[in-house]
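Just so you know, the protein sequences line up as chains A and B, in that order. Going by my numbering, the first sequence opens with residue 1369, and the numbers climb by one from there. Going by my numbering, the second sequence opens with residue 3, and the numbers climb by one from there.
Source of the hints: derived by calculation from the structure; they are not laboratory data. If you're wondering where the values come from, they're calculated on a predicted model, not measured in any experiment. The beta carbon of each residue, even a glycine, is placed where N, CA and C say it ideally should be. Don't take each hint at face value.
[Claimed, not checked] 30 Å max Cα-Cα, derived DSBU-like pairs, lysine-lysine:
id, chain 1, residue 1, chain 2, residue 2
1, B, K194, A, K1393
2, A, K1511, B, K315
3, A, K1532, B, K315
4, A, K1437, B, K105
5, B, K315, A, K1461
6, B, K315, A, K1530
7, A, K1442, B, K324
8, A, K1459, B, K315
9, A, K1532, B, K308
10, A, K1384, B, K209
11, B, K209, A, K1392
12, A, K1423, B, K315
13, A, K1377, B, K374
14, B, K291, A, K1384
[As the list claims (entries may be wrong)] Simulated coverage check for chain A against chain B, where a stretch passes if three residues somewhere in it have a Cβ under 8 Å from a Cβ of chain B:
id, segment
15, 1376-1387
16, 1408-1414
17, 1433-1442
18, 1467-1480
[Unchecked claim] Ranges of calculated distance between the beta carbons of each label pair, as one might list FRET restraints:
id, chain 1, residue 1, chain 2, residue 2, range
19, B, S271, A, Y1371, 20 to 28 Å
20, B, K315, A, K1532, 14 to 22 Å
21, B, D161, A, P1521, 13 to 21 Å
22, B, E69, A, K1539, 48 to 56 Å
23, A, T1398, B, E294, 25 to 33 Å
24, A, P1424, B, G143, 53 to 61 Å
25, B, K315, A, R1498, 28 to 36 Å
26, B, A311, A, K1539, 24 to 32 Å
27, A, P1402, B, G256, 48 to 56 Å
28, A, E1388, B, D345, 57 to 65 Å
29, B, E213, A, P1521, 44 to 52 Å
30, A, L1376, B, S271, 26 to 34 Å
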Amino acid sequence: MSYGLGILKGMSVTLKQFVESYTKKGSIVTVQYPEERREDVERFRNFPILVYDEKPEAPRCVACDICAKECPPKCITIVRDRDEQGRGLQKPKVFDIDLSVCMSCGICEEVCPFDAIFMDHQFELSAYDRMESLNYHQEKLLKPNSYLHQIRPTDATQIDAKLKAKEEAKKKTQPGTTA
Amino acid sequence: MFVIWLLVISRTEMDKPETTLDTQMLEVNIGPQHPSTHGVFRMNVTLDGETVVRLKPAMGYLHRNHEKIAEGASYLASMPFTDRLDYICSMTNNLAYAIAVEKLAGIEVPERAQYIRVIMAELTRLVNHTLLVGFLLNDLGAFFTPTLYAFREREKILDLFEATSGARMMCNYMRFGGVKADLHPGFMEKLKEIVENYPRFLDEFEKLLTENEILMSRCQHVGILPKHLAVDASATGPLLRASGVDYDIRKVDGYSIYPRFKFRVPLGSVGDVYDRYYVRILEMRESIKILEQAMKEIPPGEFISKQGATGAKSPRTFRPPKGDAYGRIESPKGELGFYLVSDGTPNPYRYHVRPPSFINLTILEDMCLGCKVADAIIILGSVDIVLGEVDR
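Kindly generate the complete structure, drawing on both the sequences and the hints.
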């Protein structure tokens, strides 16, 4: 006799959902994307950026190649800059990240000993061709420290404090060694 | 009335066995892109009319050379690749791999990290089972209403994952000796919200599905997997437990800190598709119990051990001693294990994955024999496979 009761019960659930989607606030969970946006999460990670302190010519990166070695899909290419005599400088000449290979795992950020590479929040990166416009060069990757503060305030403040402490420790030891 | 009578008559005419017509077996390829497979999977089915008489699964379309790549990479560099094995539950994949490496290198895990891991693993179980039930209903023809209800709830958990680890699905969160980062400040409130609301959602979900007559007639006594066969084929996870075998690695092995929690292991009695569905619903309820306990007991402290932190900072210096180790966990799909052999270098000498989906898939034919084609689809759906893990 009760055959069909289960279906009716189920129907009552869908009917409830249907009515609630018009009446109950917060029951629509989708976001109308280009107009509306979801709140930014601080730890969100998507594709790396390079950070510089004062000017883009002097990035924090010293071209140590650790991130390129540890990168699981090997999407980072680094060539160290050299002066006229051919001595190595503490900055990269080429720093390319192939975004079509990068899988946004964030390992480069973790292993970087100089706090130079960070994961970005930018995700609207569509391009017309696959090869060249997704291979990001140094100029496109470099972002000021203020940008990092904007996207990841807590992390950036912590790192600034850490770098400052390092600098001061260096200053303290240096006069002793020169004198 | 007349039409119905006619249909009944014609039906009985058709069912008469004394036919003089020659019949022929029909070989059909189902796939390689059937949506129920959650990936690219092909079934080579031989049919007698509508009945399955032979079924051969063909896999390998998604082979990515995961094991060999891992042998050439440092131990940590394989961690983001494990996310992509079973891409629905990346947290448990991370956990299994971390446990295997910790066994190999003998790394201790701090208390807080253990609790964080358990919380993440159980949330992943909720994600997986909710999603599976949704997709199973999709296979049954309830097109996308239950799936989207499931998606809605899953997204709340994924938001939590994103805020903690940085990514919704490819979490890459566990590290050897702990986790990558501590829980974010608002985590506990959000977790509490989820834990409080989830039983309500499950009640509603069950009201929609469990007693639905169509679901019952489609699922009950379909694709029965007998106890002995399940054990012989080394099936694990909800598939095995639906057949009535009490085997849950959380209980049997007691890895991490699971022995501290009080929870029960739901078992099925028949071993059909309906039991597999219902065991998963019950498992979700048990997961919520574990989450409640973990939430109460989680201590403050370190989220990664000192040794682990240095290993994560410079993966090339992380060299486990010579030897081998097998770490396994109860992933939402079954026993997920990693077998590692170390020769003292920064790369593993051998890296093997024991994926639950792959091994559970081996008894698909036995479950499908004698069933109709439409049943084969839902049986496949109820096994719960992810092709990223099957093919590796």
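Okay, the hints, checked on the actual structure:
1. At most 30 Å may separate the alpha-carbon atoms for a hinted pair to count; B:K194 and A:K1393 meet this at roughly 21 Å.
2. This hinted pair checks out: A:K1511 and B:K315 have alpha carbons roughly 23 Å apart, not beyond 30 Å.
3. For the suggested pair A:K1532 and B:K315, the alpha carbons sit about 20 Å apart, so the restraint of at most 30 Å is met.
4. Between A:K1437 and B:K105 the alpha-carbon distance is near 26 Å, which keeps this suggested pair within the 30 Å criterion.
5. For the hint pairing B:K315 with A:K1461, the CA-to-CA distance comes to about 25 Å; that is within 30 Å, so the pair holds.
6. Proposed proximity of B:K315 and A:K1530 is supported: the alpha carbons are some 16 Å apart, at most 30 Å.
7. The suggested pairing of A:K1442 with B:K324 holds, with an alpha-carbon distance near 27 Å, which does not exceed 30 Å.
8. A distance of roughly 21 Å separates the Cα atoms of A:K1459 and B:K315; the hinted pair therefore holds under the 30 Å criterion.
9. Taking the CA atoms of A:K1532 and B:K308, the gap is about 24 Å. The hint holds against a cut of 30 Å.
10. Annotation: proposed proximity of A:K1384 to B:K209 holds, straight-line Cα distance about 12 Å (limit 30 Å).
11. A threshold of 30 Å between alpha carbons decides the hint, and for B:K209 with A:K1392 the separation of about 20 Å falls inside it, so the pair holds.
12. Under the criterion of a C-alpha separation no larger than 30 Å, the hint pairing A:K1423 with B:K315 is consistent with the structure, at around 28 Å.
13. For the hint pairing A:K1377 with B:K374, the CA-to-CA distance comes to about 29 Å; that is within 30 Å, so the pair holds.
14. Between B:K291 and A:K1384 the CA atoms are separated by roughly 28 Å; this keeps the pair inside 30 Å, and the hint holds.
15. Counting residues of the segment 1376-1387 of chain A whose CB lies closer than 8 Å to any CB of chain B gives 6, so the stated coverage by that chain holds, three being the minimum.
16. Chain B is given as covering the segment 1408-1414 of chain A, and this holds because 5 residues of the stretch bring a CB closer than 8 Å to a CB of that chain, at least three being needed.
17. Under the rule that three or more residues need a Cβ within less than 8 Å of chain B, the assignment of the segment 1433-1442 of chain A holds, with 5 such residues.
18. With a threshold of 8 Å between beta carbons, the proposed coverage of the segment 1467-1480 of chain A by chain B holds, since 7 of its residues qualify and at least three are required.
19. Between B:S271 and A:Y1371 the Cβ separation comes to about 23 Å, which falls inside the hinted range of 20 to 28 Å.
20. The hint said 14 to 22 Å for the Cβ distance between B:K315 and A:K1532, and at roughly 20 Å that hint holds.
21. Checked against the given bound of 13 to 21 Å, the beta carbons of B:D161 and A:P1521, roughly 20 Å apart, stay inside it.
22. In this structure, B:E69 and A:K1539 meet the distance hint of 48 to 56 Å, their C-beta atoms being roughly 50 Å apart.
23. For A:T1398 and B:E294, the Cβ-Cβ distance of about 30 Å falls inside the hinted range of 25 to 33 Å, so the restraint holds.
24. Our hint of 53 to 61 Å for A:P1424 and B:G143 holds, since their Cβ atoms are close to 58 Å apart.
25. Separation of B:K315 from A:R1498 is about 34 Å and conforms to the stated range, judged on CB atoms against 28 to 36 Å.
26. Separated by about 27 Å at the C-beta atoms, B:A311 and A:K1539 satisfy the suggested range of 24 to 32 Å.
27. In this structure the supplied range 48 to 56 Å holds for A:P1402 paired with B:G256, their Cβ-Cβ distance being about 50 Å.
28. For A:E1388 paired with B:D345, a C-beta distance near 60 Å keeps the hint of 57 to 65 Å intact.
29. Remark: the range hint 44 to 52 Å for B:E213 to A:P1521 is upheld by a beta-carbon distance near 51 Å.
30. Between A:L1376 and B:S271, the C-beta spacing of about 27 Å keeps the proposed range 26 to 34 Å intact.
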